[in-house]
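The listed protein sequences derive, respectively, from chains A and B. Position 89 of the first sequence, counted from 1, bears residue number 109 in our numbering, the numbering being contiguous throughout. Position 228 of the second sequence, counted from 1, bears residue number 248 in our numbering, the numbering being contiguous throughout.
These aren't lab readings, by the way, just hints derived from the structure by calculation.
Each pair may be met inside one copy or between any two copies, as identical chains are not told apart.
With a cut-off of at most 20 Å between alpha-carbon atoms, the simulated PhoX-like pairs for lysine-lysine come out as follows: (1) Lys-326 x Lys-137; (2) Lys-208 x Lys-171; (3) Lys-99 x Lys-137; (4) Lys-267 x Lys-153; (5) Lys-257 x Lys-153; (6) Lys-191 x Lys-328; (7) Lys-208 x Lys-257.
Number of protein chains: 2
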Amino acid sequence: MKIALDAMGGDFAPGATVEGAILAAEKLAGKAEILLIGDEGLIKAELQKHGYTSPRISVIHTTQVIAMGEHPTKALTQKPDSSIAKGYALLKAREVDAFASAGNTGAMLVGALFSVKAVEGFLRPCIASFAPKLNGGIGVIVDVGANADCKPEVLEQFGEIGSIYAEEVLKIPNPKVGLMSLGEEEGKGNMATQAAHQLLKANTSINFVGNIEGRDLFNDKADVIVCDGYTGNVILKMAESFYDILKEKNISDSFIDRLDYEAVGGTPILGINGNAIIGHGASSPGAICNMVQQAYQMATSDVSEKFKKTYSA
Amino acid sequence: MKIALDAMGGDFAPGATVEGAILAAEKLAGKAEILLIGDEGLIKAELQKHGYTSPRISVIHTTQVIAMGEHPTKALTQKPDSSIAKGYALLKAREVDAFASAGNTGAMLVGALFSVKAVEGFLRPCIASFAPKLNGGIGVIVDVGANADCKPEVLEQFGEIGSIYAEEVLKIPNPKVGLMSLGEEEGKGNMATQAAHQLLKANTSINFVGNIEGRDLFNDKADVIVCDGYTGNVILKMAESFYDILKEKNISDSFIDRLDYEAVGGTPILGINGNAIIGHGASSPGAICNMVQQAYQMATSDVSEKFKKTYSA
Chain A
21 MKIALDAMGG DFAPGATVEG AILAAEKLAG KAEILLIGDE GLIKAELQKH GYTSPRISVI
81 HTTQVIAMGE HPTKALTQKP DSSIAKGYAL LKAREVDAFA SAGNTGAMLV GALFSVKAVE
141 GFLRPCIASF APKLNGGIGV IVDVGANADC KPEVLEQFGE IGSIYAEEVL KIPNPKVGLM
201 SLGEEEGKGN MATQAAHQLL KANTSINFVG NIEGRDLFND KADVIVCDGY TGNVILKMAE
261 SFYDILKEKN ISDSFIDRLD YEAVGGTPIL GINGNAIIGH GASSPGAICN MVQQAYQMAT
321 SDVSEKFKKT YSA
Chain B
21 MKIALDAMGG DFAPGATVEG AILAAEKLAG KAEILLIGDE GLIKAELQKH GYTSPRISVI
81 HTTQVIAMGE HPTKALTQKP DSSIAKGYAL LKAREVDAFA SAGNTGAMLV GALFSVKAVE
141 GFLRPCIASF APKLNGGIGV IVDVGANADC KPEVLEQFGE IGSIYAEEVL KIPNPKVGLM
201 SLGEEEGKGN MATQAAHQLL KANTSINFVG NIEGRDLFND KADVIVCDGY TGNVILKMAE
261 SFYDILKEKN ISDSFIDRLD YEAVGGTPIL GINGNAIIGH GASSPGAICN MVQQAYQMAT
321 SDVSEKFKKT YSA
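Given the sequences, and given the hints that come with them, work out the whole structure.
See the structure below:
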């Protein structure tokens, strides 16, 4: 198994990415090889710093970098030899089993759609994030930012794909799918969620448990939390800020510590023909390591093949 | 000054409401009188329990109660002698300066529109809630549930009315108005927020500071947080759940304690011709007391008259 990692992506690259890759390479020793994509000179210098010479990490040289603020479509077109473009080219050619980057989120999304493309029949590829549960489990939130406005049938597919991810990657049997709304009753919600409720309710391929509320993010009402990308993004950033506030106050706890994005790793792109995952811009080596392990889990479970089978059927 | 309180509203009424009224009556002694609306026998029995005989509290007898689960419009039509209907009748007749209830939220909203009515020119009356700020201040969130779907011009008015409330009631000079979105850049957001951004930016009556994100709820980026009622409701309930989780874990802190809805009191209805405020269904005596004091502040600042002047101009 081969995992490609964008060595140039993220605020602290290539230092943090190379260090994270080393951590992950050791954890995945014998199971996966890591391909670091980026400036070979810079990457090798970082590997040398750590005295790392294991063949568990190899380097793919690229000459260009897409910066955090760049326009995704323009950047991808103008920089064919960027680490993100190269990572997707390898993913498309099936030379790697997964691609991870903490770089430009927009370029990661657009790159996915340009290269491996959306699964046929899946309306709007999306990005998922995770909510630690008070009971020790984990929930998946779909979407957290790729699609700000969502039609009801798009929300329905988020429920399906989130359910597949929860079952295949998180190993949650028969995952409970909840629709984020402003009240438990099925008539509550905005127009899109009200209509999506009916579609999800009629969908026999998932275990729909009805509407959930903002207070249910961390309890065990739902394993899959369905919402549009605008709402999911607000939820995600609010949860992150809670962690930051408590950390600032030196308040620590086994649950609170799991709110740290670092503990999670990255946000997978769902609904594309390949396993791709986007890391937090501020990723530390530990976050990079977790993201690479997550990419490995996605590749092992072959979840993108499951998506394809579901929608081609 | 007279404040009407629905003695029958809330999960623990009339015990909690009468006890809360007593607490508030003593705090507002010499400044405001409280009118308890509801079953006179029940209310008097509660007052007797506390040995309370002060004329600071008087009782308005009603024979009907709108239960928490009842359909608002039907209930108000079928129960003209309910405590909520009576409270609004008194507010409309200007026999009281404010009306507060921890009862059926929908009935409180519909009752406002049926009786004192929306301010002319104000498109969608809304409900506001509060975010404690890390710097010790407080922010106002508009809307938190009255309007799940909002057009851009409705969001613009939420910015205006939230700004008036922040300035007049919370005494924040030139309050900063932020639009909740999924990124700071003005092009980020769903379709409604993208369009609302342009309207708010062009609005010279407010101090618009641009988009804010989920992580900015508790920092000092904005004093007024504009969002649709669906998003505001998710935010509010998520913040409540954080408080509940930390309380459960016996984690306490001066900031965290201010996340308790009890510390806030209630959520005022903005954009109607009168001062009305809705309490949390689970209101304790302390929460009722705070809500009554909040109602007093609204009445003192005469904020609903300010709304009227703004939109009739």
